[in-house]
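Combine both chains into one complex, guided by the hints.
One-letter residues, chain by chain:
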Amino acid sequence: MTARVGVVTFPGSLDDGDAARAVRIAGAEPVRLWHGDPALHGVDAVVLPGGFSYGDYLRCGAIARFAPVMETIVGAAQGGLPVLGICNGFQILCEAHLLPGALTRNQHLHFRNRDQVLRIESAGTAWTNAFQPGQEVLIPVKNGEGCYVADTATLDQLEAEGRVVARYVGGNPNGSQRDIAAITNAAGNVVGIMPHPEHAVEALTGPSLDGLGFFTSVLKHLVGAPA
Amino acid sequence: MPRVVVDVMLKPEILDPQGQAVANALPRLGVGDVASVRIGRRIEIEFTGEPDLDRAREIADKLLANPVIEDFTVRLVEADETADARS
Numbered sequence: 343m344t345a346r347v348g349v350v351t352f353p354g355s356l357d358d359g360d361a362a363r364a365v366r367i368a369g370a371e372p373v374r375l376w377h378g379d380p381a382l383h384g385v386d387a388v389v390l391p392g393g394f395s396y397g398d399y400l401r402c403g404a405i406a407r408f409a410p411v412m413e414t415i416v417g418a419a420q421g422g423l424p425v426l427g428i429c430n431g432f433q434i435l436c437e438a439h440l441l442p443g444a445l446t447r448n449q450h451l452h453f454r455n456r457d458q459v460l461r462i463e464s465a466g467t468a469w470t471n472a473f474q475p476g477q478e479v480l481i482p483v484k485n486g487e488g489c490y491v492a493d494t495a496t497l498d499q500l501e502a503e504g505r506v507v508a509r510y511v512g513g514n515p516n517g518s519q520r521d522i523a524a525i526t527n528a529a530g531n532v533v534g535i536m537p538h539p540e541h542a543v544e545a546l547t548g549p550s551l552d553g554l555g556f557f558t559s560v561l562k563h564l565v566g567a568p569a
Numbered sequence: 008m009p010r011v012v013v014d015v016m017l018k019p020e021i022l023d024p025q026g027q028a029v030a031n032a033l034p035r036l037g038v039g040d041v042a043s044v045r046i047g048r049r050i051e052i053e054f055t056g057e058p059d060l061d062r063a064r065e066i067a068d069k070l071l072a073n074p075v076i077e078d079f080t081v082r083l084v085e086a087d088e089t090a091d092a093r094s
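Protein chains in written order, with the numbering used here: chain A, 343 to 569; chain B, 8 to 94.
One chain only, chain B, in its complex shape (with noise of 0.2 Å):
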């Protein structure tokens, strides 16, 4: 069955200390090629019958994400392409 993933991020505007954190930590891997890092959240939704964008997407916007920090997109992917499927 298809899932619903919600990608949260943070808005662009609000900084975000622990993506600066990582980028800060880079130059210790040698990596000095990146200019910045953002940290999110990705959310896999399973229903119980066929997946509900519009539910997601209500889903999404009273619970997962806050809006006025987060921003967030909503898509279906197959069940190949679950976190569970890779793992």
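Okay, chain A solo, but in the shape it has when bound (with noise of 0.2 Å):
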């Protein structure tokens, strides 16, 4: 049966398009949701999308976090649903207290637009585990607050746990500390990155192809998951 990965789309969505897209690509049936529906219409999966949910106001994701659908999505997280929050995304999530730490604006102020090789630092997660750890992949970066920071004691727990899932290589685009592009939970399923794996699955759109693998990952993830 065919994986239906659920992409949400929030008041101020951009790639929610683009990661549906990724998902049908993979060869998963994307199902789009819908920020006021608390309904998950059954998805194996959920995608929640890179843009400025809400405008950003208050905070990047903070209004997105009490959203209806994230109401059910924190719950069905921490009941193991794989969950992957891209950019605007991975802020939701650390908002949602899913993912520790915060996103911050960039330490240089700009907004930043450029293709990014990342090292794949943990192929243990529901979203990595069709890369070779140590692997190093091509996908665009693009935000302005997308500096990571936590304390000392979070960033060496998640550092002696392997829960740093990428980091970024030949120049850290934001100013992020230990050069985190992203992390995970505690179980691997729920997985935070800021840049943009969803534009990077079609010779003709993305650098390169290496986005790909986030997705089809969980499809991986999916069969082998226990009913």
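If you are wondering where the hints come from, they were derived from the structure by calculation, not from laboratory data.
Fair warning: this is a prediction, and the values are worked out from it, not measured in the lab.
Here are the in silico distance ranges between beta carbons for each label pair: (1) F408/A / V84/B: 22 to 30 Å; (2) E503/A / T55/B: 40 to 48 Å; (3) A90/B / G466/A: 46 to 54 Å; (4) D498/A / E53/B: 39 to 47 Å; (5) G417/A / G39/B: 54 to 62 Å; (6) E503/A / R45/B: 30 to 38 Å; (7) P34/B / G512/A: 31 to 39 Å; (8) E503/A / R35/B: 43 to 51 Å; (9) K18/B / F408/A: 16 to 24 Å; (10) E20/B / E501/A: 16 to 24 Å; (11) P475/A / V84/B: 53 to 61 Å; (12) A42/B / G378/A: 43 to 51 Å; (13) E51/B / E503/A: 37 to 45 Å.
Covered stretches of chain A (in silico footprint by chain B; criterion: 3 or more residues with CB under 8 Å from a CB of chain B, positions within the stretch not fixed): (14) 398 to 409; (15) 436 to 444; (16) 448 to 456.
Partial pick of chain B residues on the chain A-facing surface, computed with a CB cut under 7 Å: (17) P24; (18) A28; (19) N73; (20) V75; (21) I76.
From the three backbone atoms N, C-alpha and C, an ideal C-beta is built for every residue, glycine too.
Structural data, given as structure tokens:
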């Protein structure tokens, strides 16, 4: 049976269309979810896409966290539902306390938009099992508030538990502590990533096809997951 | 009616690039004696009934501030001290 992967649209989401397309190219059925509808419609995994939910008012992701659909997603994620937050989605996951730390204004204050090399540090998550640990991938980064911060104890814990999922290589685009580009929760089902794998799934529009691995990973994970 | 004012500031250990950018612009105004600038946010809350500081604290903790990176203070101000009254 084809896996069903939900993609949430918040007011101000930008990359929900590309995320749904990436899901389809990876071989799954994208299911569009609406911020105001708490139902997950039987999806097997969820992507929180990039953009500027609620206009980034107050703090990025701060208001989206209280959307009806997020109330359901938080509970489901705690129960093991694979959730990938990309860019604004990563910010929402941190605001919802599904992931530790926070994303703050880029240190140099510039919006950064470029193709970025990442090193996959953890291939043990639901969203990165198609990669080899240490593998380098090329994926677009585009953010103004992508500087990952957490206290030293949290950073040390993430490192010790292998929960740093990806790091920036060849220049840190936003000042993130310890070059962190992506992290995961303790169970490995929730991943937040600042760069955009959904923009690197086709030769026509992306700098590589490396982003596809994140979406094929979750399909592999779902096949292996107990029903 | 008094309002509750919530002041939200980045924690001291969190870098404030906006504040730094402002501080770096001050010499262009001929100001040379400022050591640092930190930028925060002031929120005024008007309750339908009596102002409720505990409720305001809950709002601040859950939504207005992110305790990972920010601290907040909550206080009552009289109506004539609010931003509206001064404008």
